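Undergrad: Each chain is listed here by its residues.
Number of protein chains: 2
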Amino acid sequence: MWCNDSVTDEPVTLASNVPGAEFPRWGSGGLEFRIHAPAAHQVNLQLPGDSLGTGSVPFSPQADGFWHAAIADPAAGFHYYQIEIDGLTTNDPGSRTYSGYGRSVSGVEVPDPLEPFELRDVPHGELRSLWFHSTVTRSWRELWVWTPPGYDDSPDLRYPVLYLQHGSGEDETSWSRQGRAGIIMDNLLADGAVRPMLVVMGSGYAGAPPSMPMSASDSTMIIDGLQRLLTDDVITVVDQHYRTIADRRQRALAGLSMGGRQALIIGLRRPDLFGWLGGLSPAIWLSGTTDAGWSVDPGWVDDAVSAAGGVRPQQVFLSAGTREERFVTAVEQLSGSLAAAGIDYNSYVSPGTAHEWTSWRRSLTEMAPRLFRDPRTGS
Amino acid sequence: MWCNDSVTDEPVTLASNVPGAEFPRWGSGGLEFRIHAPAAHQVNLQLPGDSLGTGSVPFSPQADGFWHAAIADPAAGFHYYQIEIDGLTTNDPGSRTYSGYGRSVSGVEVPDPLEPFELRDVPHGELRSLWFHSTVTRSWRELWVWTPPGYDDSPDLRYPVLYLQHGSGEDETSWSRQGRAGIIMDNLLADGAVRPMLVVMGSGYAGAPPSMPMSASDSTMIIDGLQRLLTDDVITVVDQHYRTIADRRQRALAGLSMGGRQALIIGLRRPDLFGWLGGLSPAIWLSGTTDAGWSVDPGWVDDAVSAAGGVRPQQVFLSAGTREERFVTAVEQLSGSLAAAGIDYNSYVSPGTAHEWTSWRRSLTEMAPRLFRDPRTGS
Numbered sequence: 001m002w003c004n005d006s007v008t009d010e011p012v013t014l015a016s017n018v019p020g021a022e023f024p025r026w027g028s029g030g031l032e033f034r035i036h037a038p039a040a041h042q043v044n045l046q047l048p049g050d051s052l053g054t055g056s057v058p059f060s061p062q063a064d065g066f067w068h069a070a071i072a073d074p075a076a077g078f079h080y081y082q083i084e085i086d087g088l089t090t091n092d093p094g095s096r097t098y099s100g101y102g103r104s105v106s107g108v109e110v111p112d113p114l115e116p117f118e119l120r121d122v123p124h125g126e127l128r129s130l131w132f133h134s135t136v137t138r139s140w141r142e143l144w145v146w147t148p149p150g151y152d153d154s155p156d157l158r159y160p161v162l163y164l165q166h167g168s169g170e171d172e173t174s175w176s177r178q179g180r181a182g183i184i185m186d187n188l189l190a191d192g193a194v195r196p197m198l199v200v201m202g203s204g205y206a207g208a209p210p211s212m213p214m215s216a217s218d219s220t221m222i223i224d225g226l227q228r229l230l231t232d233d234v235i236t237v238v239d240q241h242y243r244t245i246a247d248r249r250q251r252a253l254a255g256l257s258m259g260g261r262q263a264l265i266i267g268l269r270r271p272d273l274f275g276w277l278g279g280l281s282p283a284i285w286l287s288g289t290t291d292a293g294w295s296v297d298p299g300w301v302d303d304a305v306s307a308a309g310g311v312r313p314q315q316v317f318l319s320a321g322t323r324e325e326r327f328v329t330a331v332e333q334l335s336g337s338l339a340a341a342g343i344d345y346n347s348y349v350s351p352g353t354a355h356e357w358t359s360w361r362r363s364l365t366e367m368a369p370r371l372f373r374d375p376r377t378g379s
Numbered sequence: 001m002w003c004n005d006s007v008t009d010e011p012v013t014l015a016s017n018v019p020g021a022e023f024p025r026w027g028s029g030g031l032e033f034r035i036h037a038p039a040a041h042q043v044n045l046q047l048p049g050d051s052l053g054t055g056s057v058p059f060s061p062q063a064d065g066f067w068h069a070a071i072a073d074p075a076a077g078f079h080y081y082q083i084e085i086d087g088l089t090t091n092d093p094g095s096r097t098y099s100g101y102g103r104s105v106s107g108v109e110v111p112d113p114l115e116p117f118e119l120r121d122v123p124h125g126e127l128r129s130l131w132f133h134s135t136v137t138r139s140w141r142e143l144w145v146w147t148p149p150g151y152d153d154s155p156d157l158r159y160p161v162l163y164l165q166h167g168s169g170e171d172e173t174s175w176s177r178q179g180r181a182g183i184i185m186d187n188l189l190a191d192g193a194v195r196p197m198l199v200v201m202g203s204g205y206a207g208a209p210p211s212m213p214m215s216a217s218d219s220t221m222i223i224d225g226l227q228r229l230l231t232d233d234v235i236t237v238v239d240q241h242y243r244t245i246a247d248r249r250q251r252a253l254a255g256l257s258m259g260g261r262q263a264l265i266i267g268l269r270r271p272d273l274f275g276w277l278g279g280l281s282p283a284i285w286l287s288g289t290t291d292a293g294w295s296v297d298p299g300w301v302d303d304a305v306s307a308a309g310g311v312r313p314q315q316v317f318l319s320a321g322t323r324e325e326r327f328v329t330a331v332e333q334l335s336g337s338l339a340a341a342g343i344d345y346n347s348y349v350s351p352g353t354a355h356e357w358t359s360w361r362r363s364l365t366e367m368a369p370r371l372f373r374d375p376r377t378g379s
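Same order as they appear, the protein sequences are chains H and Z.
Okay, so the first sequence: first residue is 1 according to this note's numbering, each after it adds one.
Okay, so the second sequence: first residue is 1 according to this note's numbering, each after it adds one.
It should be emphasised that the hints constitute simulated quantities derived from the structure, not laboratory data.
Be careful, since some hints might not be right.
Now the stretches of chain H that chain Z is said to cover, found in silico as 3 or more residues with beta-carbon under 8 Å [what the hints assert, rightly or not]:
(1) 121 to 128
(2) 252 to 262
(3) 323 to 329
(4) 336 to 343
Covered stretches of chain Z (in silico footprint by chain H; criterion: 3 or more residues with CB under 8 Å from a CB of chain H, positions within the stretch not fixed) [as the list claims (entries may be wrong)]:
(5) 83 to 96
(6) 123 to 134
Every value quoted in this text rests on a predicted model; they were computed, and no experiment measured them.
For glycine and all other residues, C-beta sits at the position ideal for the given N, C-alpha and C.
Whenever a hint applies, use it, and build me the whole structure from the sequences.
TA: Given below as structure tokens:
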């Protein structure tokens, strides 16, 4: 049964469609996919394992070599997906591709006008790409930096900086494209909800190309490599190139999933650099409880605070979606560890969402207003 | 036979590969592609019809469900390509995707260290994305703007502007990604070859989404729509948002293929706005000679100059590759029409290249140094 009043009988194409593509489309027939593959024997829709669904949905053959599939009641927001045709996992030619799963993968954006993720008629900042040569990876890398509206018109103003890390298999474009980070910040700023800040989005993979650690066994490299990249290169480049306030109280490090693990571990090691931390669906569990590959010792927060000479972050933000139970567990465990170590934290739970971008878009919307303020007064 | 000394026995992966992908790769075995499609019956490599080749190359089945294909002596530069599997035309999971053919299509970057298109250790400008709401298309659109190194450090300097249009089926990202426009400008500026300028790259499609005119029959819309978009929206947004010199002598309009047609026709109509024009492989032929859908009347340049009250551009740049004969013809015809109308022009022919990005990267490299100078003195 279809219960959403905002859906009309006329299906609409999606913001994730390539220009002119009729499918995917969304309407009273649900979320419909159509593929032209006249000689194929079997076509499947591979679902992402998030709130859109898990597993695969077979396409039905139609006339003229077309195949059709539909999801009756699709969850709003951005979802990765793939097409499997005769054993080849590939993309839907009708959709744009996004950096996920370690490659360029199809994505579908099911609209939700109730969420603050749409472009509004407010002043817009700029998303800027800057090349820099890394001394750590000995390669050219691209940083994506969101600057707030008016940045160029106020050459005497300096800004706090939020470093925002992507998840496993994603890259430096993911927060701005799938995450709509710039649009979210534009909207928050127009509502007076956040302090003007810069948002820096770089790759969390610090191996020399073409290697790219993807598995939990590379965990040390994922942490230590990014830590070196941030401390030896990225922060210096950003502080030199942009009008930042180069002070721990004006610098935040946050990330999602793998990036949340990176942000919390690196941030607790270097409270002299990062005063604010964010773990959005952070991939970090106490050893012996859930995921051995991504585990930490029970006393790890205390140990990090001791190693940092007792210096603590100003505040830590934690979040997860209700439909990603492992990450709700991670947030609960982290809350306990932070409280025991005397670290101020707050947490947010995204209703009805799984390990997916709606959780992280909402989490950014919740986290950004708390950053760079006095935790006691909020001002 | 393989004759390129720069190729070693060890194959290399390409800048166009997704992180960690082993294929495509390039070496003494040529340009090799590998696909995993265990249940497929036929897999073909679809060539782009440029200097990489035309038509399709069958993949050979290998063990474990892999398929393999190779091009013995691939032309350097960027090439679009597709994979056809059992009748479905799709992407190669090993390559990044690029906006071409009206969608997200695989691309392969065959390196050529002899060309000035590689990242060098020189000061780098920024590539900036700016949203604006168009009064013409009644939609949000994205402009990509390259700002030169030092733009933020010199708040009193103002800059000339080059508006650069993509080709048919491409979009506002194509000049920066496939075209490497920012990297080319960084290198030219480091060599002291160009005046510091801004480069604005917007979509040349001005229909309200989701419509997107693609065919020659939409020619009027392609010209008139973009003209309105530029004159009513884009130039105003750019002049308000960036430190431009808002003067025809400091404003250029150039494009490739369809975008070259747009630039020349719009620019000759509005010499009060654009002092410099560029047609790179421009899709424009005298009627009765080549392509009826993209034709113009023989006296069109004279007519445009008359309609503009006798005002002429400062200079027009024309170019084509030797292996795209129709476009060499277009340049010859245009040269005659411009000369007859008393318009200063110069032209460049790219050796050995077809209707492809190497032609346009080289053309930008040739054109940019001539812009915004006194045509008589070059200073």
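Undergrad: Run every hint past the structure and note whether it holds.
TA: Status of each hint after checking the structure:
Only residues whose beta carbon comes within less than 8 Å of a beta carbon in chain Z count, and the segment 121 to 128 of chain H has 5; three or more means the coverage holds. Requiring three or more residues with a Cβ within less than 8 Å of a Cβ of chain Z, the coverage given for the segment 252 to 262 of chain H is violated, as only 0 such residues are present. Counting residues of the segment 323 to 329 of chain H whose beta carbon lies closer than 8 Å to any beta carbon of chain Z gives 0, which falls short of the minimum of three for the stated coverage. Requiring three or more residues with a Cβ within less than 8 Å of a Cβ of chain Z, the coverage given for the segment 336 to 343 of chain H is violated, as only 0 such residues are present.
Proximity of the segment 83 to 96 of chain Z to chain H, defined as three or more residues with a beta carbon under 8 Å from a beta carbon of that chain, is established by the 12 residues found. Check result for the segment 123 to 134 of chain Z against chain H: holds, 9 residues qualifying (beta carbon to beta carbon below 8 Å, three or more required).
Checked against the numbered hints listed earlier, the structure breaks hints 2, 3, 4; every other hint is satisfied.
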